[in-house]
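Just so you know, the sequences run in chain order S and R. Just remember that our numbering sits 530 ahead of the position in the first sequence, which is counted from 1. Just remember that our numbering sits 275 ahead of the position in the second sequence, which is counted from 1.
Calculated from the structure, these hints are not laboratory results. Be careful, since some hints might not be right.
[Unchecked claim] Distance condition first, Cα-Cα at most 25 Å in a straight line; then the derived SDA-like pairs of lysine to any residue:
#1 R:K424 <-> S:D575
#2 R:K376 <-> S:T657
#3 R:K502 <-> R:A455
#4 R:K424 <-> S:L758
#5 S:K780 <-> S:T693
#6 R:K424 <-> S:T657
#7 R:K370 <-> S:T657
#8 R:K424 <-> S:R566
#9 R:K424 <-> S:K780
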Amino acid sequence: MIFTLLVAVLLSLFLLFVTIPVASLFLRIAPEAFIRSLTEPVVLDALSLSLVTATISTVIVVIFGTPLALANARYDYPGRDIVDTLTDLPIVLPPAVAGIALLMAFGRRGVVGQYLDLFGIHIAFTTVAVILAQVFVASPFYIRQAKASFEAVDRLYEDAARTLGASPWTVAFRVTIPLAWGGLISGAILSFARALGEFGATIMFAGNYQGRTQTMPLAIYTTMQGDLDAAISLAIILVVISFAVIATVKVVTRRKF
Amino acid sequence: MKRSTPATLVAVSLLIIAGLLVAGCTDTQETPGDAVTLNVFTAASLTGAFTDIGKAFEAENENIKVVFVFSGSQDLRTQIEHGADADIFVSANMKHMNTLKDSGFMVDDTVAQFVENCLIMVTPADNPAGIEGLADLAEPGVKLVIGTKDVPFGDYTRQLLDNMAADPEYGEEYRDAVMANVISEETAVTSVMPKLTLGEADASFVYKSDISKDDRDKLKRFEIPSKYITENPIYPIGVLAESTHKAEAESFIAFVRGPAGSDILTDYGFDPIPVEN
Numbered sequence: 531m532i533f534t535l536l537v538a539v540l541l542s543l544f545l546l547f548v549t550i551p552v553a554s555l556f557l558r559i560a561p562e563a564f565i566r567s568l569t570e571p572v573v574l575d576a577l578s579l580s581l582v583t584a585t586i587s588t589v590i591v592v593i594f595g596t597p598l599a600l601a602n603a604r605y606d607y608p609g610r611d612i613v614d615t616l617t618d619l620p621i622v623l624p625p626a627v628a629g630i631a632l633l634m635a636f637g638r639r640g641v642v643g644q645y646l647d648l649f650g651i652h653i654a655f656t657t658v659a660v661i662l663a664q665v666f667v668a669s670p671f672y673i674r675q676a677k678a679s680f681e682a683v684d685r686l687y688e689d690a691a692r693t694l695g696a697s698p699w700t701v702a703f704r705v706t707i708p709l710a711w712g713g714l715i716s717g718a719i720l721s722f723a724r725a726l727g728e729f730g731a732t733i734m735f736a737g738n739y740q741g742r743t744q745t746m747p748l749a750i751y752t753t754m755q756g757d758l759d760a761a762i763s764l765a766i767i768l769v770v771i772s773f774a775v776i777a778t779v780k781v782v783t784r785r786k787f
Numbered sequence: 276m277k278r279s280t281p282a283t284l285v286a287v288s289l290l291i292i293a294g295l296l297v298a299g300c301t302d303t304q305e306t307p308g309d310a311v312t313l314n315v316f317t318a319a320s321l322t323g324a325f326t327d328i329g330k331a332f333e334a335e336n337e338n339i340k341v342v343f344v345f346s347g348s349q350d351l352r353t354q355i356e357h358g359a360d361a362d363i364f365v366s367a368n369m370k371h372m373n374t375l376k377d378s379g380f381m382v383d384d385t386v387a388q389f390v391e392n393c394l395i396m397v398t399p400a401d402n403p404a405g406i407e408g409l410a411d412l413a414e415p416g417v418k419l420v421i422g423t424k425d426v427p428f429g430d431y432t433r434q435l436l437d438n439m440a441a442d443p444e445y446g447e448e449y450r451d452a453v454m455a456n457v458i459s460e461e462t463a464v465t466s467v468m469p470k471l472t473l474g475e476a477d478a479s480f481v482y483k484s485d486i487s488k489d490d491r492d493k494l495k496r497f498e499i500p501s502k503y504i505t506e507n508p509i510y511p512i513g514v515l516a517e518s519t520h521k522a523e524a525e526s527f528i529a530f531v532r533g534p535a536g537s538d539i540l541t542d543y544g545f546d547p548i549p550v551e552n
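For reference, chain S alone in the conformation it holds in the complex (with noise of 0.2 Å):
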């Protein structure tokens, strides 16, 4: 009984924690306010910038991404765990950390960058370095998901496949990958969201440029110093994405495929 009450309580405690800053957003801002928010050209910059590189980071991380958890979940080769720990890396290091990272191998003076700047090409401070910088973050959480769902997979299946004949790339491609679908989806979908999100490692390795490497996140921490409405708009419709991310992911998983 008291232990009922007290779950209760805490419970209910923390639904408030978590509800009371989210509702806060949607009740300082008049809805009038929220819409000509809307049609400011920093607003739309942000939000064309940040589903424009969120998509495209995501199909990297998926392009590269796939054959790694696939190799991962069922190929043991020497090395494997330090693969392992390396990719699920970006999920525990501080965006900060993520970002002077990125600096110093890709900025005009780091290692890698000094070289690509003998060939003119610069990748901090573009839109690239903010792609590059939601790959770098947000890949593990694509990874983790689809290795899971591979290993999830029953090997019958497969060889079931193979010993009719079927080549490698038609297990992976009409069995495993498949199978394995809604997984990959729910996978490729937090990746987006993250990446989404993403906001130490841009503002550091991207800098701040509004329409070439001002994201969501980082117009709302800029207007914030003018525009509260602004911040607050860009802020709400981070929350409906991010809620319709979740949402999104819990139905693909339930179902079956």
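Mind docking chain R on chain S? Use the hints.
Below, chain R without anything else, positioned relative to chain S:
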């Protein structure tokens, strides 16, 4: 994994709650021995000077501890407006101070202009873009970092470029070309410096005082002709109306404006404004 029983869960939860209660009841504001803590919200450009002034002040006043919050003036103003616990506000321009004054956040007669600053152009010491003067900033490919329009040093930069655009020698095309070379807009001068010292940016406009002693060898400084300067940045300081330590706050301000404070400020590149009598 062993399943935890309800009893252990309750015990752990109670421990956490007890811990929170103890933490909540402990007064972290005051240090023992009746020492007073002054929270000084200070514009980021004063970080070096005020850190030194704080130490000198504490050495003379053992019962007063000075805690600084350094950030952009706008950010500090927003924090104060939303209830941050500040005793003194030091702004990098009059605008934010006046806004707070008008809304009754300040003790009006304590607010005073105490230092002047000036905008300069800086490049990394090895000057990768080969910049020799303001005119070179319009060259294609120059990587420029400036402040956002809402922070004072970004505002003064735009004012400067507008003044140059009005001069036929440079013209509107100059301003547009310079603005097209901007690779990043920063909300605080503290995030401009690393980009220059690391050589990631070719040039920036900052306050003369922004160059710390450590950075003096790493950067090259260019003065700006005074005909393009409308006004120099003036820093106001003042005591917050909600401060519970107004007497101590006023003695800190007196120290800042006194000989010791003025020497430190001058050393950091500021021009102290003498106290009016």
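Status of the hints after comparison with the structure:
1. R:K424 <-> S:D575: 17 Å, holds
2. R:K376 <-> S:T657: With a Cα-Cα distance of about 41 Å, the restraint between K376 (chain R) and T657 (chain S) is violated, given a limit of 25 Å.
3. R:K502 <-> R:A455: Given that 25 Å is the threshold and the Cα spacing comes to 24 Å, the pair holds.
4. R:K424 <-> S:L758: 15 Å, holds
5. S:K780 <-> S:T693: 36 Å, violated
6. R:K424 <-> S:T657: Holds, at roughly 21 Å.
7. R:K370 <-> S:T657: 34 Å, violated
8. R:K424 <-> S:R566: 21 Å, holds
9. R:K424 <-> S:K780: At roughly 42 Å apart (the allowed maximum being 25 Å), K780 (chain S) and K424 (chain R) break the hint.
Going down the numbered hints, you'll see the structure goes against 2, 5, 7, 9, while the others check out.
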